[in-house]
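2 protein chains.
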Amino acid sequence: MEKLKIVKIGGNLIDDDQKLKDILQDFSNLNDKKILIHGGGKLASALSTQLGIVPKLHEGRRITDKESLKIVTMVYAGFINKSIVAYLQSFGDNALGLTGADLDMIRSHRRIVTNIDYGFVGDIDEVNGEALLNLMNSNVVPVFCALTHNGKGDLLNTNADTIASALAASLSAHFSVDLIYLFEKGGVLHKPDDDNSVIDNINLSTYEKLKKDGTISSGMIPKLDNAFTALKEGVSSVFVGASGISKERKGTILSLD
Amino acid sequence: MEKLKIVKIGGNLIDDDQKLKDILQDFSNLNDKKILIHGGGKLASALSTQLGIVPKLHEGRRITDKESLKIVTMVYAGFINKSIVAYLQSFGDNALGLTGADLDMIRSHRRIVTNIDYGFVGDIDEVNGEALLNLMNSNVVPVFCALTHNGKGDLLNTNADTIASALAASLSAHFSVDLIYLFEKGGVLHKPDDDNSVIDNINLSTYEKLKKDGTISSGMIPKLDNAFTALKEGVSSVFVGASGISKERKGTILSLD
Chain U
1 MEKLKIVKIG GNLIDDDQKL KDILQDFSNL NDKKILIHGG GKLASALSTQ
51 LGIVPKLHEG RRITDKESLK IVTMVYAGFI NKSIVAYLQS FGDNALGLTG
101 ADLDMIRSHR RIVTNIDYGF VGDIDEVNGE ALLNLMNSNV VPVFCALTHN
151 GKGDLLNTNA DTIASALAAS LSAHFSVDLI YLFEKGGVLH KPDDDNSVID
201 NINLSTYEKL KKDGTISSGM IPKLDNAFTA LKEGVSSVFV GASGISKERK
251 GTILSLD
Chain V
1 MEKLKIVKIG GNLIDDDQKL KDILQDFSNL NDKKILIHGG GKLASALSTQ
51 LGIVPKLHEG RRITDKESLK IVTMVYAGFI NKSIVAYLQS FGDNALGLTG
101 ADLDMIRSHR RIVTNIDYGF VGDIDEVNGE ALLNLMNSNV VPVFCALTHN
151 GKGDLLNTNA DTIASALAAS LSAHFSVDLI YLFEKGGVLH KPDDDNSVID
201 NINLSTYEKL KKDGTISSGM IPKLDNAFTA LKEGVSSVFV GASGISKERK
251 GTILSLD
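Chains U and V, in that order, give the protein sequences. In terms of UniProt numbering, the first sequence has 152 at position 152, counting the first letter as 1, and numbering is strictly consecutive. In terms of UniProt numbering, the second sequence has 37 at position 37, counting the first letter as 1, and numbering is strictly consecutive.
Bear in mind the hints are in silico, worked out from the structure with no lab data behind them. Don't be surprised by glycine CBs; every beta carbon is placed ideally from N, CA and C. There may be inaccurate statements among the hints.
Covered stretches of chain V (chain U as the covering partner; in silico rule of three or more C-beta atoms under 8 angstroms from a C-beta of chain U) [stated by the list, open to error]:
(1) 71–77
(2) 83–93
(3) 101–108
(4) 149–161
Produce the complete structure using the sequences and hints provided.
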């Protein structure tokens, strides 16, 4: 099967313009078919602060009210997404910036209210695999930001890691998909504060052990859960690390066994 | 030839959410192929003010420095563009939000500095007619905001009226194109302050007269210059008015003779 690389960039990799350009140049050097997904929470929080809007959090997770949705739409779909598209075009990639609303790419529903209402936050229902495949076959390079829609006129804030794994799973019937999560840490770490303690390989059984003994905790668990879900749904490989898209990679390789 | 409607919405039509929804519902009722272009200067100015950034103007025209470019990218390509896309999707149109950088749709160059440097403002060089035609043939509804790119990684702020007429001219070889400019005034007016003084028809020779006697001045001249350029380049009809996309229209019809 033809190869497809799905690359998610997040953390502080996109806050710094020169760092972002370097990563995009590396991404652009990939000769395989490819998709980019980006976050941008830090820039959104910075704009919130500038506008005097205090971010509302519940157990560390952002509550997206109407005003916050406007801010993330401006920052994710506007500033970050279109800056990336313009850079990639200058490097020769035929980039197209997308939210899940564009071409009805990703449908979601507003997260069910239990004890807490997260507001305009979406959990994914369906990826429009046919439309995505059409773009792939036209050599378009889709650039997704962390927004989906419910088909009723609402944009919904949606985790970029989850979008990456959902896109990867949806295309795994047509391509041999490598899913690459790039973030500021050097990979999954034995010791959270020591970037030199990268764990080279994790499989499903070692993952359970590392969770049980507390080595892997908090923010990494949803990311890795997404990764293992993608592997179970047919994605060929998952890599979590700080650098290396077309070049040598440093980080953690995940596998089912 | 197959019909194509190119609709530009601007002015205060997009500031009010309910007014915007009504216009988009009307646009959605069009059964012809169609393209939407939107402005958003007022919302961009409002965000500037909120952020404490004083808009820089020269003879009434905005100077787009780096910070202003970021603001218009957030407002035009982010908030307004994606809100429109989500609404149109909910009305059954397969909308796709675009800047000129996406799919390399519209190339421009930074405006030549003479006595004044307008900053990140682009004058259009070329529309990617082939990519646009592909979207038309796939029944996609493109939604363009007022940004283009120079192919070197820079987004450039570009007049939405000019984008509309450039797209119209580029597609006039393939479609019978109706170009529709909607804005807050009821059309081209005999008396600027009297919305009931709409001029029903203007051709190239009456246009020259109306400019000479001062009836048409200031802000309307670039808009109408764009319109007549489009007519000369093969666009079938141009309409300037306050309302009526799929329904009865009220406003001014422009023609060459």
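Checked hints:
1. Three residues within the 8 angstroms Cβ limit are the bar, and the region 71–77 of chain V against chain U gives 5, so the coverage statement holds.
2. Proximity of the region 83–93 of chain V to chain U, defined as three or more residues with a beta carbon under 8 angstroms from a beta carbon of that chain, is established by the 6 residues found.
3. By the rule of at least three residues with a Cβ nearer than 8 angstroms to a Cβ of chain U, the coverage given for the region 101–108 of chain V holds, with 4 such residues.
4. Here's how the region 149–161 of chain V fares: 6 of its residues keep a CB closer than 8 angstroms to some CB of chain U, so the rule of at least three is met and the hint holds.
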